[in-house]
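**Q** As they're listed, the protein sequences go chains A and B.
The numbering of the first sequence is my numbering, which starts it at -10 and goes up by one.
The numbering of the second sequence is my numbering, which starts it at 14 and goes up by one.
Treat the hints as calculated values from the structure; they're not laboratory data.
Virtual Cβ for every residue (Gly too), placed ideally from N, Cα, C.
Among these hints, one or two may not hold up.
With a straight-line cut-off of 20 angstroms between C-alpha atoms, the simulated SDA-like cross-links for lysine to any residue are [unchecked claim]:
(1) B:LYS133 with A:ASN32
(2) B:LYS133 with A:TYR33
(3) B:LYS164 with A:SER95
(4) B:LYS72 with A:TYR81
(5) A:LYS56 with B:SER172
(6) B:LYS72 with A:HIS90
(7) B:LYS164 with A:GLU93
(8) A:LYS56 with B:LYS133
(9) B:LYS72 with A:ALA116
(10) A:LYS111 with A:GLU134
(11) A:LYS111 with B:LYS133
(12) A:LYS56 with A:TYR81
(13) B:LYS72 with A:GLY57
(14) A:LYS(-5) with A:LYS111
(15) A:LYS56 with B:TYR143
(16) B:LYS164 with B:PRO187
(17) B:LYS72 with A:ASP82
(18) B:LYS72 with A:TYR33
(19) B:LYS164 with B:LEU119
(20) B:LYS164 with A:GLY57
(21) B:LYS72 with A:PRO61
(22) A:LYS111 with B:ILE148
(23) B:LYS72 with A:LYS(-5)
(24) A:LYS56 with B:THR111
(25) A:LYS111 with B:ASN145
(26) B:LYS72 with A:LYS111
(27) B:LYS72 with A:TYR122
The following residues of chain B were derived to be distant from chain A, with all beta-carbon distances above 10 angstroms [stated by the list, open to error]:
(28) VAL99
(29) GLN181
(30) ASN185
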Amino acid sequence: MICFHKIQERISDDEMQTLAQQCLDPNTEWWGAEYVETDSYVNYSDNSLWFSKNTTRLDSFLCKTPKGCMQPPHMDRGRDYSIYVPIYPNMYDYSPMTFYHDNELSHIDNLDPGAMYLVNHKIMHSAFNFTDYDRFNLQITIIGELSQLLAL
Amino acid sequence: MMMITDMALATFAKRNIIEGIKKPEYFDDPLPSAFSEHTEKPWCNVFEPETPLYNSNIKQYTSLHWHKDFKFISDLILPESLKEHVLAEYINSTIPNTEIRAHIDLQREAMIYLPIYPVKENYMPMMFYYDNQEICIDNHDIGQVYLCNLKICHRVQNSTDLPRLNYQITFNIPFDEIKKLNLAKQCF
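Starting from the given sequences, assemble the full structure and let the hints guide the process.
**A** The following block contains the structure:
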């Protein structure tokens, strides 16, 4: 695995529906991301990124990129790997997570709702949500050696 | 590479930015013939890349402009040894709130690139993605000319309210071959 790897486990349809409901619930509380660097160019980007605690899996959090916002290409500083699940919207309305590696682009999209991905956050990646929808995904940050995880 | 003179840039700005570049128009001529010979008429060729796979509200758009008055720029910045390798030269315009998504050029190998307008932090940079790094060419160093490898993944997002203009001289030989020509001696 270099950028990401689609793992065998899946989120069930019922769980996906629950997650989507929580994401879209106006009463869900969100907090802003810390230490997000803003770009030095005028009007370049709205890097707004919001998190919420997932009520069904306490070791995970929901991540929201509001419509019109983006995370320009970057590498994460605080983590190496995560399990990543695109939630909402689905199909072609979900702006993909794009990786820039070895002069090629690769995408994690939501064409297979319920799929789970092991993601390498040390490879440059971005998300540009220029759609009509807020964009949500589930992330479980992995602590420890990836080799141990892959051996499970 | 080299610096274009402030005077030349000021002249260009007066003619083509302050007075305004004409509104882009579609041209019936296919691109290759339009590139093969510079006519004395101002022309414009508009590119709207095909719709990306994923839905997006931001428009993919760029337009190329040529007028004989632009020629003084290449006279200033194009090294003699590269003249025989020029495929095309033009002003590239990216209108406000559009982007050219990340891509590798298919037809073009390399180019000499001069950011023109706007300047400083208002000029949205050309971003290259190489060796897990993002490399930006912006317009903080006004008048600086760059040699670019178009076979490296790159993108532009003009999320400002200003048109974004630069001058491009495209070559039909690879970036590495151009570098071997030892341009530094010719330029400085």
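**Q** Run every hint past the structure and note whether it holds.
**A** Verification of the supplied hints:
Straight-line distance between C-alpha atoms of B:LYS133 and A:ASN32 comes to about 13 angstroms, which keeps the hinted pair within the 20 angstroms bound. Restraint check for B:LYS133 and A:TYR33: satisfied, since their Cα atoms lie roughly 13 angstroms apart, inside the 20 angstroms limit. Taken as a hint, the B:LYS164 and A:SER95 pair is honoured in the structure, with Cα atoms around 17 angstroms apart against an allowance of 20 angstroms. As the CA atoms of B:LYS72 and A:TYR81 are separated by approximately 16 angstroms, the hinted pair is consistent with the 20 angstroms bound.
Of the supplied pair hints, the one linking A:LYS56 and B:SER172 holds, its CA atoms being roughly 15 angstroms apart against a limit of 20 angstroms. Taken as a hint, the B:LYS72 and A:HIS90 pair is broken in the structure, with Cα atoms around 25 angstroms apart against an allowance of 20 angstroms. Straight-line distance between C-alpha atoms of B:LYS164 and A:GLU93 comes to about 11 angstroms, which keeps the hinted pair within the 20 angstroms bound. For the suggested pair A:LYS56 and B:LYS133, the alpha carbons sit about 28 angstroms apart, so the restraint of at most 20 angstroms is broken.
Restraint check: the Cα-Cα separation between B:LYS72 and A:ALA116 comes to about 16 angstroms, which is no more than 20 angstroms; the hinted pair holds. For the suggested pair A:LYS111 and A:GLU134, the alpha carbons sit about 14 angstroms apart, so the restraint of at most 20 angstroms is met. Distance check on the hinted pair: A:LYS111 and B:LYS133 sit about 30 angstroms apart at the alpha-carbon level, beyond 20 angstroms; violated. A distance of roughly 14 angstroms separates the Cα atoms of A:LYS56 and A:TYR81; the hinted pair therefore holds under the 20 angstroms criterion.
Our distance criterion of 20 angstroms between C-alpha atoms is met by B:LYS72 and A:GLY57, whose separation comes to about 13 angstroms. Among the hinted pairs, A:LYS(-5) with A:LYS111 is consistent with the structure: their alpha-carbon atoms are about 17 angstroms apart, no more than 20 angstroms. For the hint linking A:LYS56 to B:TYR143, the alpha-carbon distance of about 28 angstroms lies beyond 20 angstroms, and the restraint is violated. Between B:LYS164 and B:PRO187 the CA atoms are separated by roughly 9 angstroms; this keeps the pair inside 20 angstroms, and the hint holds.
Between the alpha carbons of B:LYS72 and A:ASP82 the distance comes to roughly 15 angstroms, so the proposed pair stays at or under 20 angstroms and holds. The hinted pair formed by B:LYS72 and A:TYR33 meets the criterion: a straight-line CA distance of about 15 angstroms does not exceed 20 angstroms. Distance hint between B:LYS164 and B:LEU119 is fulfilled; the C-alpha atoms sit about 8 angstroms from each other, no more than 20 angstroms. Proposed proximity of B:LYS164 and A:GLY57 is contradicted: the alpha carbons are some 29 angstroms apart, above 20 angstroms.
Taking the CA atoms of B:LYS72 and A:PRO61, the gap is about 17 angstroms. The hint holds against a cut of 20 angstroms. A C-alpha spacing of about 17 angstroms is found between A:LYS111 and B:ILE148, which places the hinted pair at or below 20 angstroms, so the restraint holds. Taking the CA atoms of B:LYS72 and A:LYS(-5), the gap is about 31 angstroms. The hint is violated against a cut of 20 angstroms. For the proposed pair A:LYS56 and B:THR111, the alpha carbon gap of about 16 angstroms is at most 20 angstroms, so the pair holds.
Simply put, A:LYS111 and B:ASN145 have alpha-carbon atoms about 9 angstroms apart, close enough for the 20 angstroms limit, and the pair holds. Pair hint B:LYS72 plus A:LYS111 does not hold up; C-alpha atoms about 30 angstroms apart against a cutoff of 20 angstroms. Under the criterion of a C-alpha separation no larger than 20 angstroms, the hint pairing B:LYS72 with A:TYR122 is consistent with the structure, at around 17 angstroms. Residue-level check passed: B:VAL99 sits 25 angstroms from the nearest beta carbon of chain A, beyond 10 angstroms.
Its beta-carbon lying about 20 angstroms from the closest one in chain A, B:GLN181 satisfies the requirement of being farther than 10 angstroms from that chain. No beta-carbon of chain A is positioned within 10 angstroms of the beta-carbon of B:ASN185; the least distance is around 20 angstroms.
Going down the numbered hints, you'll see the structure goes against 6, 8, 11, 15, 20, 23, 26, while the others check out.
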